[in-house]
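Chains as they are written, first to last, in the numbering used here: chain A, 432 to 685; chain B, 2 to 138.
Treat the hints as calculated values from the structure; they're not laboratory data. Treat the hints loosely; a few may be bogus.
Unchecked claim - Below are the EDC-like pairs computed for lysine to aspartate or glutamate, each with C-alpha atoms no more than 20 angstroms apart in a straight line:
id, chain 1, residue 1, chain 2, residue 2
1, B, 107, A, 442
2, A, 600, B, 34
3, A, 662, B, 34
4, B, 23, A, 442
5, B, 23, A, 646
Said to hold, decoys possible - Short derived list, chain B residues pointing at chain A, Cβ under 10 angstroms:
id, residue
6, 10
7, 12
8, 24
9, 58
10, 59
11, 116
12, 138
Said to hold, decoys possible - Computed Cβ-Cβ distance ranges for the label pairs, DEER-style:
id, chain 1, residue 1, chain 2, residue 2, range
13, B, 50, A, 572, 25 to 31 angstroms
14, B, 110, A, 564, 35 to 41 angstroms
15, B, 109, A, 558, 33 to 39 angstroms
16, A, 631, B, 56, 44 to 50 angstroms
Every residue, glycine too, gets a C-beta built ideally from N, C-alpha and C.
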Amino acid sequence: MSGGMKTIEIEVLRYIPEDEEQPYHQTFVVPYTDDMSVLQGLQHIKDEIDGTLSYRWSCRMAICGSCGMMINGVPKLACSTFLRDYPGKVRVEALNHFPIERDLVIEMDDFVDKLERIKPYIIEKAPKPLSEGEHLQTPAQVEAYEQFSACINCLLCYAACPQYGLNPKFLGPAATALLHRYNMDSRDQGSAERMPHAHDEDGVFNCTAVGYCSEVCPKKVDPANAVNINKSESAKDYFLRFIAPRGAPKGAAE
Amino acid sequence: MSAKGTGMRRPYRRPMDGWWRKNPYFVEYMIHEATALFVALYALILLAGVVCLAQGRAAWDGWVGWITSPLSILLHVVILIAFAYHAWSWFHIMPRTLPPMHAGGKRVAGATITRAGLVAAVASSALVLLIAWGVAR
Chain A
432 MSGGMKTIEI
442 EVLRYIPEDE
452 EQPYHQTFVV
462 PYTDDMSVLQ
472 GLQHIKDEID
482 GTLSYRWSCR
492 MAICGSCGMM
502 INGVPKLACS
512 TFLRDYPGKV
522 RVEALNHFPI
532 ERDLVIEMDD
542 FVDKLERIKP
552 YIIEKAPKPL
562 SEGEHLQTPA
572 QVEAYEQFSA
582 CINCLLCYAA
592 CPQYGLNPKF
602 LGPAATALLH
612 RYNMDSRDQG
622 SAERMPHAHD
632 EDGVFNCTAV
642 GYCSEVCPKK
652 VDPANAVNIN
662 KSESAKDYFL
672 RFIAPRGAPK
682 GAAE
Chain B
2 MSAKGTGMRR
12 PYRRPMDGWW
22 RKNPYFVEYM
32 IHEATALFVA
42 LYALILLAGV
52 VCLAQGRAAW
62 DGWVGWITSP
72 LSILLHVVIL
82 IAFAYHAWSW
92 FHIMPRTLPP
102 MHAGGKRVAG
112 ATITRAGLVA
122 AVASSALVLL
132 IAWGVAR
């Protein structure tokens, strides 16, 4: 590294469960260039200063969703956030609202359970035989779900959702966005299996329309929209039972 | 996941105390939510007027006397500011709460929905003001 290289202080929230009772802050001075991401700053720390630093990463190009963390208090992907935008100092912490496993690594079992619960795959009542050809969709049918399919499960939206922080049982933004993504797909007939999770005590009505989840999404998904559309869907489902009793053909609702 | 809760694993859960003060976005959200209390307060003021009207002339005159006092006018100015902020922030979040709408084969932009809502709020307020003015003259 050249003598004229700029340096930045990277303050990291460390947590080493076998040594410390509580997380603590540790500051590292890291040389950097304008093209270096926060992730590259962390890699410098791990490679050159302190090999015990733990964090998740993989693709380095904002598609794997592994390197979500709080950067100066804002949930961001470390790979697509640049050190040059934080002159002098930057604070890096594990994603808010999740238990810290170690340093910047969070425990994400809760989300994986929720993801499994909403059945994030196409459910066909009667699978179409191959001989009948492919499933065709109009541009309008694709548009109905396309943006929600961009979710990379990075969990920034959960770190942005105070309601999830206050009640971790809340289904939350990404799981609801994916529930909506499959419900809106014209090839899918699985709504009835997913909607009980939206109607649930810990379902969509935990959302108070803070809207920060959609602001922080690195893939321009609008999870707040998915959650709020499903509030209407859930209310409609509740009141329609008085007009169309359960067991009546549901196709008319589409 | 069989190691959960055993061995070295000891996941640390951070407290949520003061969560809304830690991010300007949440502060703004709390201000938005708090201004809803002024909306409720104004509904109560109007309701008190209706109750006084039902109780007869003396009660009604008493309410009118209070409503025209300097303290009440000051309170109304504060409520108006709170209402304006509540309306602005409410229409700001509205595009996120509505199902997608289409016009001319294209999805209506969020900013258009916000603008339409604000225009509707200003227009209906002006209409109510005009009617009230007409009645009072």
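Hints, one by one, checked against the model:
no.: 1; hint: B:107 - A:442; result: violated, 46 angstroms
no.: 2; hint: A:600 - B:34; result: violated, 23 angstroms
no.: 3; hint: A:662 - B:34; result: holds, 19 angstroms
no.: 4; hint: B:23 - A:442; result: holds, 17 angstroms
no.: 5; hint: B:23 - A:646; result: holds, 16 angstroms
no.: 6; hint: 10; result: holds, 7 angstroms
no.: 7; hint: 12; result: holds, 3 angstroms
no.: 8; hint: 24; result: holds, 6 angstroms
no.: 9; hint: 58; result: violated, 44 angstroms
no.: 10; hint: 59; result: violated, 44 angstroms
no.: 11; hint: 116; result: violated, 17 angstroms
no.: 12; hint: 138; result: violated, 41 angstroms
no.: 13; hint: B:50 - A:572: 25 to 31 angstroms; result: violated, 53 angstroms
no.: 14; hint: B:110 - A:564: 35 to 41 angstroms; result: holds, 36 angstroms
no.: 15; hint: B:109 - A:558: 33 to 39 angstroms; result: holds, 36 angstroms
no.: 16; hint: A:631 - B:56: 44 to 50 angstroms; result: holds, 47 angstroms
In this structure, the earlier hints numbered 1, 2, 9, 10, 11, 12, 13 are contradicted, and the remaining ones agree with it.
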